[in-house]
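**Student:** The listed protein sequences correspond, in order, to chains A and B.
The opening residue of the first sequence carries number 8 in our numbering; numbering runs sequentially from there.
The opening residue of the second sequence carries number 30 in our numbering; numbering runs sequentially from there.
No lab work stands behind these hints: they were computed from the structure.
None of these values were measured; they are calculated from a predicted model.
Positions of the beta carbon are idealized from the N, C-alpha and C atoms, including for glycine.
A hint or two may mislead.
[Claimed, not checked] Derived lysine to any residue pairs resembling SDA-like cross-links, with alpha carbons at most 25 Å apart:
1. A/59 with B/75
2. B/93 with A/21
3. A/67 with B/131
4. B/93 with A/63
5. A/119 with B/71
6. A/56 with B/95
7. B/93 with A/119
8. A/56 with A/107
9. B/70 with B/127
10. B/70 with A/19
11. A/84 with A/25
12. A/63 with B/31
13. B/84 with A/119
14. A/119 with B/43
15. B/95 with B/131
16. B/49 with A/20
17. A/56 with B/43
18. B/70 with A/91
19. B/70 with A/75
20. A/84 with B/43
21. B/95 with B/31
22. B/84 with B/95
23. B/93 with A/91
24. B/84 with A/8
25. B/70 with A/59
26. B/70 with A/22
27. A/67 with A/19
28. A/59 with A/8
29. A/67 with B/117
30. A/75 with B/101
31. B/70 with A/63
32. B/43 with A/48
33. B/70 with B/84
[To be verified] Examples of chain A residues lying across from chain B (beta carbon under 10 Å, computed):
34. 39
35. 74
36. 93
37. 96
38. 100
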Amino acid sequence: GNSVTQMEGPVTLSEEAFLTINCTYTATGYPSLFWYVQYPGEGLQLLLKATKADDKGSNKGFEATYRKETTSFHLEKGSVQVSDSAVYFCALSLISNNNDMRFGAGTRLTVKP
Amino acid sequence: GAVVSQHPSWVICKSGTSVKIECRSLDFQATTMFWYRQFPKQSLMLMATSNEGSKATYEQGVEKDKFLINHASLTLSTLTVTSAHPEDSSFYICSAAGTPYEQYFGPGTRLTVT
Numbered sequence: 008g009n010s011v012t013q014m015e016g017p018v019t020l021s022e023e024a025f026l027t028i029n030c031t032y033t034a035t036g037y038p039s040l041f042w043y044v045q046y047p048g049e050g051l052q053l054l055l056k057a058t059k060a061d062d063k064g065s066n067k068g069f070e071a072t073y074r075k076e077t078t079s080f081h082l083e084k085g086s087v088q089v090s091d092s093a094v095y096f097c098a099l100s101l102i103s104n105n106n107d108m109r110f111g112a113g114t115r116l117t118v119k120p
Numbered sequence: 030g031a032v033v034s035q036h037p038s039w040v041i042c043k044s045g046t047s048v049k050i051e052c053r054s055l056d057f058q059a060t061t062m063f064w065y066r067q068f069p070k071q072s073l074m075l076m077a078t079s080n081e082g083s084k085a086t087y088e089q090g091v092e093k094d095k096f097l098i099n100h101a102s103l104t105l106s107t108l109t110v111t112s113a114h115p116e117d118s119s120f121y122i123c124s125a126a127g128t129p130y131e132q133y134f135g136p137g138t139r140l141t142v143t
């Protein structure tokens, strides 16, 4: 079936450190891939997305590249800030499956000053 | 951008009562709406998918008689938790899809059943 596996946390970094959160997927078709961020007590906010192989999604300094050959969509940021502390979810969606979206387990990031 | 609202944002109810949660797409028409459930420190689990004017499609293991979903218009879907019990306490999140590939998420509703 369709699923997402992402690096489980928690991840604790110092401010200005480099961030990588790994995400790999399994899909029967050609999915779109997403990273969502969830701040405490809130819903999900779309961080970035990529709809086809080799696309790079980017937003607020975060980047992720859709790698079909490795079925991966790793999230990276060169210099994290305290305000980036949140839970990050990798997800996939298949239009052929009524836009059904599958989420990874989530990775909690804490950035310390 | 596309905005999805949920009401209420939090609710406390007594065991045995029913609770209705509304999900609205404020500035677009949503042909499909989704309902998710999130337990503390866990990921989102899809409960059901609903298309406007049709019966909802429930995921395996989700009781359709307990979690009633109505999608009466292109901008409104409701989730009713019937005869709620403490184990139904959770964070419920809806999303709405008006275009391919992307769902827009509501802010979530925290339900506590005492």
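**Student:** Look at each hint and say if it fits the structure.
**Tutor:** Okay, the hints, checked on the actual structure:
Only pairs whose Cα atoms come within 25 Å are accepted, and residue 59 of chain A paired with residue 75 of chain B is accepted, the gap being roughly 24 Å. Annotation: proposed proximity of residue 93 of chain B to residue 21 of chain A is violated, straight-line Cα distance about 46 Å (limit 25 Å). Between residue 67 of chain A and residue 131 of chain B the CA atoms are separated by roughly 19 Å; this keeps the pair inside 25 Å, and the hint holds. Taking the CA atoms of residue 93 of chain B and residue 63 of chain A, the gap is near 39 Å; set against the 25 Å cutoff, the hint is violated.
Between residue 119 of chain A and residue 71 of chain B the alpha-carbon distance is near 23 Å, which keeps this suggested pair within the 25 Å criterion. Among the hinted pairs, residue 56 of chain A with residue 95 of chain B is inconsistent with the structure: their alpha-carbon atoms are about 34 Å apart, more than 25 Å. Of the supplied pair hints, the one linking residue 93 of chain B and residue 119 of chain A is violated, its CA atoms being roughly 44 Å apart against a limit of 25 Å. A hinted pair counts as satisfied when its Cα atoms are at most 25 Å apart, and residue 56 of chain A with residue 107 of chain A qualifies at roughly 15 Å.
Note on residue 70 of chain B and residue 127 of chain B: the hinted pairing is violated, with a Cα-Cα distance of about 29 Å set against a maximum of 25 Å. Distance restraint check for residue 70 of chain B and residue 19 of chain A: the Cα-Cα separation of roughly 16 Å lies within the 25 Å cut-off, and the hinted pair is therefore satisfied. For the given pair, residue 84 of chain A sits about 6 Å from residue 25 of chain A by alpha-carbon distance, which is consistent with the 25 Å threshold. Among the hinted pairs, residue 63 of chain A with residue 31 of chain B is consistent with the structure: their alpha-carbon atoms are about 22 Å apart, no more than 25 Å.
For the hint pairing residue 84 of chain B with residue 119 of chain A, the CA-to-CA distance comes to about 47 Å; that exceeds 25 Å, so the pair is violated. Our distance criterion of 25 Å between C-alpha atoms is broken by residue 119 of chain A and residue 43 of chain B, whose separation comes to about 40 Å. Annotation: proposed proximity of residue 95 of chain B to residue 131 of chain B is violated, straight-line Cα distance about 28 Å (limit 25 Å). Of the supplied pair hints, the one linking residue 49 of chain B and residue 20 of chain A is violated, its CA atoms being roughly 41 Å apart against a limit of 25 Å.
Between residue 56 of chain A and residue 43 of chain B the CA atoms are separated by roughly 41 Å; this puts the pair beyond 25 Å, and the hint is violated. Proximity of residue 70 of chain B to residue 91 of chain A is assessed by CA-CA distance (about 17 Å); at most 25 Å being required, the pair is judged to hold. Among the hinted pairs, residue 70 of chain B with residue 75 of chain A is inconsistent with the structure: their alpha-carbon atoms are about 29 Å apart, more than 25 Å. Taking the CA atoms of residue 84 of chain A and residue 43 of chain B, the gap is about 45 Å. The hint is violated against a cut of 25 Å.
The straight-line distance between the Cα atoms of residue 95 of chain B and residue 31 of chain B is roughly 30 Å, outside the 25 Å bound, and the hint therefore fails. The straight-line distance between the Cα atoms of residue 84 of chain B and residue 95 of chain B is roughly 15 Å, inside the 25 Å bound, and the hint therefore holds. Proximity of residue 93 of chain B to residue 91 of chain A is assessed by CA-CA distance (about 38 Å); at most 25 Å being required, the pair is judged violated. Straight-line distance between C-alpha atoms of residue 84 of chain B and residue 8 of chain A comes to about 24 Å, which keeps the hinted pair within the 25 Å bound.
With a C-alpha separation of about 30 Å, the suggested pairing of residue 70 of chain B with residue 59 of chain A is violated against the 25 Å cut-off. Between residue 70 of chain B and residue 22 of chain A the alpha-carbon distance is near 23 Å, which keeps this suggested pair within the 25 Å criterion. Between residue 67 of chain A and residue 19 of chain A, the direct Cα distance comes to roughly 19 Å. Compliance with the 25 Å bound is thereby established for this hinted pair. Proximity of residue 59 of chain A to residue 8 of chain A is assessed by CA-CA distance (about 19 Å); at most 25 Å being required, the pair is judged to hold.
This hinted pair does not check out: residue 67 of chain A and residue 117 of chain B have alpha carbons roughly 36 Å apart, beyond 25 Å. For the given pair, residue 75 of chain A sits about 39 Å from residue 101 of chain B by alpha-carbon distance, which is inconsistent with the 25 Å threshold. With a C-alpha separation of about 28 Å, the suggested pair residue 70 of chain B and residue 63 of chain A falls outside the 25 Å cut-off, and the hint is violated. For the proposed pair residue 43 of chain B and residue 48 of chain A, the alpha carbon gap of about 22 Å is at most 25 Å, so the pair holds.
For the suggested pair residue 70 of chain B and residue 84 of chain B, the alpha carbons sit about 31 Å apart, so the restraint of at most 25 Å is broken. At about 4 Å, the closest approach between the beta carbon of residue 39 of chain A and any beta carbon in chain B falls short of 10 Å, and the interface hint on this residue holds. The interface hint given for residue 74 of chain A is broken, as the beta carbon of that residue sits about 18 Å from the closest beta carbon of chain B, more than 10 Å. Annotation: interface hint on residue 93 of chain A violated; nearest CB of chain B at approximately 13 Å, more than 10 Å.
Interface restraint check for residue 96 of chain A: the shortest CB-CB distance to chain B comes to about 7 Å, inside 10 Å, so the restraint holds. Of the supplied interface hints, the one on residue 100 of chain A holds, with its beta-carbon coming within about 6 Å of a beta-carbon of chain B, less than 10 Å.
Of the numbered hints given earlier, the model fails hints 2, 4, 6, 7, 9, 13, 14, 15, 16, 17, 19, 20, 21, 23, 25, 29, 30, 31, 33, 35, 36; all others are met.
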